[in-house]
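So you can see what is in the structure, the chains are spelled out below.
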Amino acid sequence: MTQTVAVIDYGSGNLHSVAKAVEHAGQCRVLVTADVKEIQSADRVVLPGVGAMGDCMQGLKERGLDLVVLGVIQEKPLMGVCVGMQILTESGEESAGVDALGVFPGQITQFSKSMKNPKGEALKVPHMGWNEVGQRQHPMWTGIADRTRFYFVHSYRYADATAECVVGTCEYGAPFAAALSKPNVFAVQFHPEKSHDAGIQLYRNFLTWDGTC
Amino acid sequence: MGLAKRIIPCLDVDQGRVVKGVQFEDIRDAGDPVEVSRRYNQEGADEITFLDITASHENRATTYETVSRMASEVFIPLTVGGGVRNTDNIRDLLLAGADKVSINTAAVFEPELVKKAAEKFGSQCIVVAIDAKQVEQGRWEIFTHGGRKPTGLDAVEWAVRMVSYGAGEILLTSMDRDGTRDGFDLGLTRSVADAVTVPVIASGGVGHLNHLVDGVVQGHAEAVLAASIFHFAQYTIGEAKEVMAAAGIEVRL
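Those sequence lines, one after another, are chains B and L.
Those letters in the first sequence? Residues 606 to 818, per my numbering, in order.
Those letters in the second sequence? Residues 37 to 289, per my numbering, in order.
For reference, chain L alone in the conformation it holds in the complex (with noise of 0.2 Å):
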């Protein structure tokens, strides 16, 4: 026996409320996110992603006071993301209360930001947020803004790049697969998993359980994180955990 791996649930959180939307558009109101993560914290969740999904063009004044609420209630590992730009930002957030801040557009567009950061309050709390889409078979890129602009970067060699910057964790979304409930896109993953020596969470299109198991055992993911299949009452993260312990996972029961 030895370390589990992780199921993570994630709220996007639009203007203090926790959202879902299919791959970023139509968005439903799923509640209050620190009620929501109070619930997963009683379910088991072994962390809890909070992504404060329109800061890149919007105001997040309310996320420093919603993560401090979180912080005081739950106590399981909090990463928090969405509009950190610079290490102001990252530093807010880890007063309030997040144990991990992810880096997502300011990564892409100010590489440096990683290693400043990771120097400044150490890899242990510097997490990279990578969404990526396929271009072609076996070539994923980085894409931007709630998947909304083409960067040009390979996603792997993105990932190799930031780990060697610093990045503690990958949080790798696929663009193509968020919201679909297709299943995490498991090429993209495996490709960064192997490439990196850092954890890597899959996240993006999990909608049903057997989805967990396939981004642990083919796509090499040391975490997996899902939205709405846990927001709604699909399912729980106990649930969960027992379709992983059944396919020979080690998880925290």
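If we strip away everything but chain B, and leave its shape as in the complex, we get (with noise of 0.2 Å):
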């Protein structure tokens, strides 16, 4: 039996590009979709996100979304991808502080605008193109080499690197979390379905995780 991978849709921009990559990555039956039960019933879960946090919050909000990812977690692997990564945090402190889902702790912050890189150039922000993830143990990486490039475009980010919930880091003027983990959930801050071989490689994984660390 074709699994199926719902891709949550509440209104945040285009998802033809993860619906695509997912489809692309292996055998499955992708949704896009903000219907509860559509979302309840699939094998697995996509909650992607652009712009900004408040408006994705919002989003959620207003289709009752919130609530059907909190249960969606205790049962079936969630994969966050970009904004649908920093939303599983606690806050974000764009647009005068945004209360989030709190599936992982800490806060979003915004990357800071007085960067230098190493030779002492300013650092540009948005974080925009390809970084390299160094990765911790988890069968998400799977097939992955440590230290690949992944698509970043993100000017607001999770700083604690070190935070126990972090599988993946990346350095812009200072570390930060590419990746953050727990059983069920994998939440990336870059695009997987930008990123490539290397992304592709990432959906396929999700398509056979079984949600364990």
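Honestly, the hints are just simulated from the structure, not real lab data.
Cβ coordinates follow ideal geometry from the N, Cα and C atoms, glycine included.
Computed footprint of chain B on chain L; a stretch qualifies when at least three of its residues, placed anywhere within it, have a C-beta under 8 Å from a C-beta of chain B:
(1) 122-133
(2) 150-159
Simulated pairs of lysine-lysine, DSS-like, Cα-Cα distance not exceeding 25 Å:
(3) K718/B to K156/L
(4) K718/B to K152/L
(5) K718/B to K151/L
(6) K666/B to K156/L
Taking beta-carbon pairs under 8 Å as the criterion, some of the chain B residues facing chain L (in silico):
(7) V655
(8) N722
(9) K729
(10) P731
(11) H732
(12) N736
(13) E798
(14) I805
Given two chains presented individually in distinct reference frames, assemble the corresponding complex, making use of the accompanying hints.
Following this line, the structure appears as structure tokens:
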């Protein structure tokens, strides 16, 4: 029986790429949906997100999907992507403070405007492009070499790269978290659907992940 | 090690075909955009830029369909520009599968569009394209409509203003160099890159691979864009990255 992957559509931009990348990764049926029943009956769930954390939280809440997400992760694997990762933390400092889902401890904060690289040159914000991800032991990294580059585009980040939930780290001015995990949840700051072969491999791993860390 | 400098092949598309002109005039056919982007994806391109070059003054009916086909097959970022006039155009391109939309002429005539677009869709997907020509030593002005119309706007000041309005990236093309193969206008590139806080993509004039190195090292660009050297298989993206890496530039290999 072909498994079903629900990509949660809560008004956060284009989900075409995420859906196509998951389909490309392996045999599955992908539903881009805001329907509670479809999300609850899917085998796996992807929580995407672009733009502002506040808008994303509002989009989820308006559709009653915040509680659905919290229910889903009690039962089956969920993958958060970009702002979909950020809203799984406790809060964000943008737009005068955003209360988020609180699946992971900690807060999303803005990159400093005065960051420098080792040569002393000012670093641009947003952090946009391909950067290396250092891995901590996790089944989702199967078949992906440590320090493989993934595509990032963001101005806010999870700054505590040493937190217990961090399973991937990146460096831009200072270390920050590229991937967070706990049972049934794997969330990344970068965009696997824009990260070529490594990104497709990550979605492929998600299709077989049993939810353990 | 950290963030890699990006190499971005650019597809200038005219009525569904990839073309490349010399200084936006004499145009040569270089193939089907989906086919060409698939090849660049395999060669290791970091992103792809799709510019509908006739869109400012002709029909763009095929663009959405082409973008959608590209986005279904190519899993790297895709920027689409050309003829973007309003937030509906931007939304349609994002829904078709573009990751970023580049605003050029419309930003000059309606700067507020950049502000509106950044608020509505997020700065991360709003690129402002600047076509500039040198008007005197150390001064460049914005030109629109494929380099045909002067505006009197100073390029560096304009870039700073566009970033303050929410542009997440600047695609900077030297109209003096575009199609000449003489290399980027490094003075222009550096002046803009040093003046803004967002990434600058250098464009216009790449004729050999050392020009890409110059754009990063001397021009301070975060990314380099080229068209014809890649379309006609003069060089592969992989060769370009080897040359950049050999020059000490961090690239994604």
